[in-house]
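*Asks:* Read off the chains here:
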Amino acid sequence: MSIPLNWYLILAAALFCIGMFGVLSRKNAIAILLGMELMLNAVNINLVAFWRYLDPAKMAGQVFAIIVFAVAAAEVAVGLALIISVYRRRKTVVADEIDLMKW
Amino acid sequence: MNFLNDPITFISAWMRSLLTGWGLLDGLTTVIIYFIGITVLIIFAMVLDILLVWVERKVVARFQDRLGPNRIGPYGLFQPFADIIKLIIKEDITPAGADKLLYNLGPVLAIASVIILWAILPLSAKIYGVDLNVAILYLVAAGALGTLSILVGGWASNNKYALLGAFRMVANMVSYEIPMVVVLLIPTILADTMSVQGITQAQNGMWFAILSPLALIIFLISAIAELGRSPFDLNEAESEIVAGFHIEYTGMKFGLFYAGELLHAFTFGGFMAVLFFGGYGGFFGLEKIGFFSWLNNPFVQAVVFLAKAMFGYWVIMWIKYSMPRIRIDHMLAFNWKFLTPLALVVLVNTAVLSKVLAGLPNWGYVLGMFLSNLVIGFITIEILRAYGRKQRKAETKPTPQNGQNQEQVA
Amino acid sequence: MTADQIIFLLCAVLILGSSIMVVTTRKLIHAALWLVAALFGVAILFAILQAGFLAVVQVVVYIGAIAILFIFAVMLTRKEMLDKGTQTRSNWWLPALLGLLILAGLVFLILGQPIFGRTAAAMPEGVDTLRNLGFALVSPDAFVLPFEVASVLLLAALVGAVYVAAGNNK
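Chains as they are written, first to last, in this note's numbering: chain A, 1 to 103; chain B, 1 to 410; chain C, 1 to 170.
Note that these hints are calculated values from the structure, not bench results.
There's no promise every hint is true.
What the hints assert, rightly or not - Mimicking DSSO-like on lysine-lysine, the simulated pairs with C-alpha atoms at most 30 Å apart in a straight line are:
id, chain 1, residue 1, chain 2, residue 2
1, B, 100, C, 27
2, B, 100, A, 27
3, A, 91, B, 337
4, B, 337, B, 355
Predicted model, so just to flag it, every value in this text is computed and none were measured.
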């Protein structure tokens, strides 16, 4: 094991920034959710790298990563359900065009 | 350590001495030996696949009271080669408007998701790919990759029927993963480990098929649904949806889908053997008697394992060629309303009883687990009968129009 | 350059390359499949970090469920099968600049701390991470409460998603 810890942290930071670029610059609502998944994965890489390099006997890092899995799955399920429901009503998934509440 | 008792270590040590004698670095030697091992394993799996095509056609013929291919070679043994040559020389059509990269990726992912399962299949105590300590979850992960390959194939064909078939198949596979994961926890609880080697060795006392027959039945049903074979094959039924997601695939690409499905069925037969029928061992202590010590030989164990896997594959084929097709909404209702609650009940029962009965002698433990499964099965059948009775009564009850007609006639 | 480092660099190229393709490609279905490649790279990374259980759970949960949900959603919200027009907003240079600035800041912070330069100690002897993880998730003086709260969260998300996506046809 000769990989220094900061390689993992820089990789996670780069993945996070790419995900953020995806969220802020895409028009399609589903593409925005794809960027969010990249950000959550970057967080997971960080957590597991710190678990391995600091104290592998304590399980807090892995448990936190599992909770992040569960939260990401819940968020994607509800988010995609909302997008499909909005598509049925407004016939569009472009985030800019979904700008009116019910009147 | 000689070849007969420990083949893989012997061969890898010999190759390592040969390659370092030629002057290669140690790390590079390791990588080369691993690559050669992987190639040999894949070649073995694919050659077995060719044999499975012949087995499938002969067995379906016997189930349908006919002979099957018997012209090409003795007993038709060279028929798969004729099939493969036909598939290879067919014209390779890509439909107009199809996504070329995804269209070619579909069959590759389908066969890849089956071959990666052969890395954890324990052919014997000393012949296996890798002994993962999370092998049971690896099985579920490979199923997830197979699901992805079907979506890619169905989408890339640019065809409404292919897409519809792919949707149905993926809904089927994702739904039936739930009872499969729940039932896969039962050998994990009984053997106290998730590794397949550990589960095989824990069955030296008693096969898990006897400790938990309901788990075997539920695993069989979920495995058949995961494979997409009859009776759960509405997704690729010729008479209903015109071959579903692989309608646009011809030639060797269809051959990869077809061969992948057969190899997947055999691999699930192998997993049934490992998880419930004792894998390569499980002779109830017979191999400890001096006369039967040849049962510990790796090659004999591999033959025993392959025989048990072939028996599992035969059971899957038996069910395929004896039962009619099930409609898609019945399929999903069967899963969510019956199979998942039953699997959860069996899991809770196994978990509780395996701790409560731990103090009893071996025959008491086995008898207790087996009887509890029988009781759950009996209660389930009674509930199903009551449900069926209620449904029949609701259908034949006279509706108001019926009653009026009868009054007028009388 | 040891073998570990070569494998890590290949894995990093896979992850970063796939994620750049996710956020820039025009066809949305390709973006979902590039996401699958990126998630697979993260699973390989977990395996390198000797968190084998997390690697397999990543494939099962992310690739086997979430990526398939994405592909279903993309297929269900299309009027036709082709993508037309640009997929990024007209001021896309602003998020790119923001991303580069934040990346530069994070890299500066990370490289500034010498304690992050350490290499990993070997795993302590006799530590069975799978068993320890199981104990940690159900033991009352470990993490059983977040575990139960996460399961209630998943139940709420399940009910909510089914209700929202079922529409108004009773």
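*Asks:* Taking the hints in turn, state whether each one holds.
*Replies:* Here's how the hints hold up against the structure:
no.: 1; hint: B:100 - C:27; in the structure: holds, 14 Å
no.: 2; hint: B:100 - A:27; in the structure: holds, 26 Å
no.: 3; hint: A:91 - B:337; in the structure: violated, 34 Å
no.: 4; hint: B:337 - B:355; in the structure: holds, 29 Å
Consistency note: the structure conflicts with earlier hint 3 alone.
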